[in-house]
Every structure is written in C-alpha cells, then in structure tokens.
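There are 2 protein chains.
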Amino acid sequence: MTGDSHFWAVVPAGGAGTRLWPVSRASSPKFLHDLTGTGRSLLQATWDRLTPLTGSQVLVVTGAAHRAAVAAQLPDLPADQLLAEPAPRDSMAAIGWAAAVLEARDPSAVLGSFAADHVIADEDAFRACVTDAVAAAEQGYVVTIGIEPTGPATGFGYIELGEPLGEGPAHAVRQFVEKPDRSRAEAYLATGRFRWNAGMFVVRATVLLDLLAQWHPELAAGVRALAADPSRLEQVWPGLEKIAIDHAVAEPAAAEGRVAVVPGGFGWDDVGDFSSLGALLPDASGMPGVRVLGDASSVRVVDATGVVVPSGDRDGRVVAVVGLDDVVVVDTPDALLVVSRDRAQDVKAVVDLLKSEGRTDLL
Amino acid sequence: MTGDSHFWAVVPAGGAGTRLWPVSRASSPKFLHDLTGTGRSLLQATWDRLTPLTGSQVLVVTGAAHRAAVAAQLPDLPADQLLAEPAPRDSMAAIGWAAAVLEARDPSAVLGSFAADHVIADEDAFRACVTDAVAAAEQGYVVTIGIEPTGPATGFGYIELGEPLGEGPAHAVRQFVEKPDRSRAEAYLATGRFRWNAGMFVVRATVLLDLLAQWHPELAAGVRALAADPSRLEQVWPGLEKIAIDHAVAEPAAAEGRVAVVPGGFGWDDVGDFSSLGALLPDASGMPGVRVLGDASSVRVVDATGVVVPSGDRDGRVVAVVGLDDVVVVDTPDALLVVSRDRAQDVKAVVDLLKSEGRTDLL
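Respectively, the protein sequence lines represent chains A and B. Letter by letter, the first sequence follows residues 1 to 363 of the UniProt record's numbering. Letter by letter, the second sequence follows residues 1 to 363 of the UniProt record's numbering.
With the rest of the complex left out, here is chain A (with noise of 0.2 Å):
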C-alpha cells in the first residue's frame, strides 16, 4: 500500500472539543493534545496513524489560527501540504478544497479524509481498513468505513449496510441515520446490520469533486477555482457554501447507489467527552477504578473512582477525591473542572454559559 501514490491522507483539524473544557480550548482545541498519555497528540497521533500508509502524502485542513501550532507539531508535513482555512466552512468546503487540490496534482488521486482528533486502538487493522476501501473507491465509489459498534451508543450516527459489492468486504450502504435514541439504538444493533458512523470518507478526489458538481455546483467550482489560484482564497472562501460532507454528498449519493461501506472493527474513539477520554486510560497504579491523565503521583484518592487530570503546572500540587464514584476533576491553570461521570457530555452547558458572559479568556 505504501507503494500506491495516488492514496493521500486529508487531515480536517477543526473542532473546538467544548465538551473536553477546559483542557481542550478555542486557542488550543482537544486534537492538539495528548489526551492518551502517550506523549503524542492526537493530531500527531493522527500522522503516525497514516504515514504507513502513505508516507509523506497527507494533507492537513485546519483554522489559519492553529496553522502555526500544527506546523510545529508535524514537522515532517511539507509547507504546502498545510491548508488554513480563513474561517471555520464546514466540512465539505474543507475537504473539497484538499480534494482539489489534489486533483489538479494527479487526476488519479483517492484521498482517505481522517478527522485529527480521533482515537484508534488497532492501527494495523485500520490500516488494512483504509486499504480495502482504497481498493473499492478505485472502482468509483464514495467509501465509508463502519464501524463495529461495541454498544448502543446515542452519540454516533450510524450507516445501514446493503448488498456485499463484489468478494471484497466493501457493502452497499442502505442509507445513513442520524444520533439515534438509545432504544432506537439498541434495535440497530439486533439487526446486525448497523455500523457508527466515524466520518471517515475514501472517494478519488475527481470522484468527490464531480458528485458535488451534481448537488452544489457552486461549491465545486469555488474550491476548484481555489486550487487552480491560490492566490484567489480570501476571495473565494467567505463565499463557499457552509455544508457537512454527509448532507451535501454522502447522503444523496448513498440514494444513487454511489455509497459503499467497509466494516471496521478496530476499537475507534472520538474522545467525545472526559468520560470516555477515562475509557481510554488504565487504572493508575494502585488506584483501581482511577484513571489519570497525566502525573498520577500527584493524586490522592480515598474510597473514590473516576478521571482526574491534574493541572501539572505547579510542582508537586495534589488532587485529592474523597467517596465520590465515577466523578471527573480536570485541573487546568485558569478554570477547574468538577463533574459527575455520567454528565461528561453537560460540560458544554458551562462552556455555553462562559461565552454569554463573555468570557472568551476562558474559552
């Protein structure tokens, strides 16, 4: 697969990960931190991910505000690889600006479009993965990759599979469904026929470009125009139409039959919430049922479970949790962070109320 050059990896870098306040921020959102303990952030990890893959071809799509901090963390990533966005357009004008890009370099282009802030236990069968769904977005296809679902989750969209496509394991999608309710979700999974929508799309580049043409002419045109003049981009870009690649390609196409889907099953996270940053994390040594993500020797806990992220910018502070199950305490320098674990996803309540005060320091 390494020896395929057509395959390049795009990299949308965007989200503002309000519901990891206040580790992940506006001026430094969730996919620029390690949020594993690995030492690696996930957009590093993102990169390490899909070098294998693809060596050095991958493009990063992100906010000309986090430009410099991206550069710094890839140092491998060549200049002209690294896209800022003037402003935030949703996700089609991002991947159809990379899309063109790529076209105009090589017409035979298929790119793999990977969110930076996602988490990947098994990278070798994702891997293997990505290169079934190459295969069968060579024959034309929009590619998604569903992904086996451990759980009724409420917090995905899912993907209903069709028909197989041939020997490979590529399926026909029946159609994509939005977050469903838990008893809805629960019956997706009784059919066996339901995978979580991950958002991750492998389509040829021309493939993708003419599909939009079809549905948003406009749109098409504007990042093509952009990849034939850069120069033109702060003209073009506050133009470009503000639509999610689901709703203005992978759904319409999916009704023409243009959709295939491949099943993963090789533990993908999108590290929504601290909830399930703490799934992701072992128990710290001699604190069963405490996962901490960063220094542990600095927590302290007494009949007490749950995530803590200590602060870490002052020597030897201690989080010490006292007869609280499944609580979360995130440390950060300027704002504190206590909540029950079942309420991780309400974080985004205190962000919302932080900015009707204005207090965009803290955001």
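What the hints contain is simulated information worked out from the structure, not anything from laboratory work. All the given hints hold, so there is nothing to weed out.
Derived list of chain A stretches under chain B, where covered just means 3 residues or more per stretch with a C-beta under 8 Å from a C-beta of chain B:
no., stretch
1, 317 to 323
2, 337 to 349
3, 353 to 363
Idealized CB from N, CA, C, for every residue including glycine.
Dock chain B against chain A, hints included.
Showing chain B alone in chain A's frame:
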C-alpha cells in the same frame, strides 16, 4: 458584666483542624482562617464575641509556632496576655497555665475558657449565658455550658443535667458522656436532659487549680511554678502531664457534685468539617443549594449543589461544577480537594495518607 473586673476569658488557640484540610494546615490552623465569610478569622470572631464582656481581660494560649500570627490578628491583645506553649501538652496544661497566671494576678479571678475556633450565631444569648455561668462559678462551682442540641449529633460529647441549683438557670451535672452512636444520641435527646458539651468551662482560677491539685498534684504545682517564674517555662513545660481538662478535673469533680451546667441555646458550631462549614454559609446569589466561601463570582454550577471554596490566589480562575449534588470542592494553591459532603469527616484520611508519606509541605 463589663464592670466585673474579676472575669477573664481564656482562649486556647490550638488544634490542627485536619478535617478542614487543605484550608487548615499545621502551619496555619483553622482558628487563623475566616471560615464564615465575615472578613474575620475564627480567632478574631472569638475576640469580638468575648471583649464586650471582658474588655481586654483576655488570655490567649497558643503554640509557639503561631504566636506571631495570633499577635498580628489580635493587635489589641497585650503582649503579656499571649502565652506560647513550647509544645502541645493537651488542654489541662494550657488552661491550667492560664489559670495559674490569673490566680497570681488576682486571687478572685474567674476564668471562662472558650476555644478559638468555634462559631456562635446569637452572641447576645451567648454572653447572657456566660454571665449566668460566672455567677455560678463565683459560688465555687466548675461551670460548663450545655448547648441545646439541634439534632442527634454523634460528633460531640453530651452532658446530663441533674437537679437545679438555686433560683438561676444552673443545674448540677449528673454525668459527662462520650460521643454516642446515633441511636444512643436519639435516646439522649428524647429524655430532654442532655446537652452538647462544647468544652466551655467557667470557674474561679483558684478552684480549678485546687481541684487539679487534688487529682493531679504535680501538674497543678507545675503550672503554679510557671506563673511564679515564667523563666522556667522551657524547663517545666516538657514534664507536665498531658491530659484533657475533661478527664483531669471536670469528670471527677462532677462525681463529687462540684460541677454545674448552664444551658445555652445560641447557635453553636465547632465548624468541624466542610459540611458544617457549608451549613454556616448562605446560598450564593443565583445558585440555590451552593455555598461559597470566598469569591462566588469565580464559581459556575450546572445542576449542582454543595460547598465550594475557591482558591482566590489567581485572578479570574474559575471553578465549574456539573451534575453533582452535595459535593465539596476546595481549591488552594498547592492542593485541591473534592469530597462528597456526607464523607466530609473522611478528609482526615487524606491528611493521614500525606503524613505517612512525609509530605509535611502539604500538612
């Protein structure tokens, strides 16, 4: 009462307040802190409460390590009324020393001993009660104040009232009893004869020392020797018996019918842990069920109740609590504590843990 030149307040300012860690530290114990949000430390509030009765006739007994802090907090306390213990020798040595100093000044001195780290809601009622106690003390009794229980508390000792002594509110003490379990505490309350023992004693200095001489002659001789020649402090102090005033005098004197109790109902609290600290504070503005000691503008809650003590060491640092009921969050520059309110007593376990690790920097 202000005119009674024989009455002196003795304020033992000791105790580590380990259940209030990390606010209370060995180097800066509970009594030096403003734990009620009034702008006055518990020690200063004790001074404010007593001086309307005593004028400047207040003797403070504290550890040598805290002498400077006590003097700084009580600028109106004459230097020769601040006794500094070379090392802790329990309450009998501390109060006995003060009694001996007063006896030497005035053979008719009546002392009232009141801890430096308690809180009283109705100060007028408190002073009226002390005035009654002084009257009984002048008749030769060891007088204690029996707090009207507001519930079957298991954290305090109890005093059982006997027959009334004359026309006043004073009763004989039938017995002192140790901290009971819950069902015994409920049985005590049902009788109507039991009061909380707040460790307040009012007694003529000479009566106290003579009773002490009866059961602990060396201790009585030791503190009287100190009063006669303060230069012998370092020599005499280490040899003094380490015993609480309750065991040394109050209990044996009660058995001999020498102890009286004056009932009091003035809203007393020993601020023993963060749960009782929370109960002394009003709800923070706009945050029902949330008590904040410090700057409430730094606290944000979403579906949460409890007690928050912000650090106050850095401008704008925010404490956010989400989806937790009855949680206690205490932030200090070098230690952060999160505990469920019903486990507030167990904070001591963290202090014990740090002590066993030799982390004296945090104690």
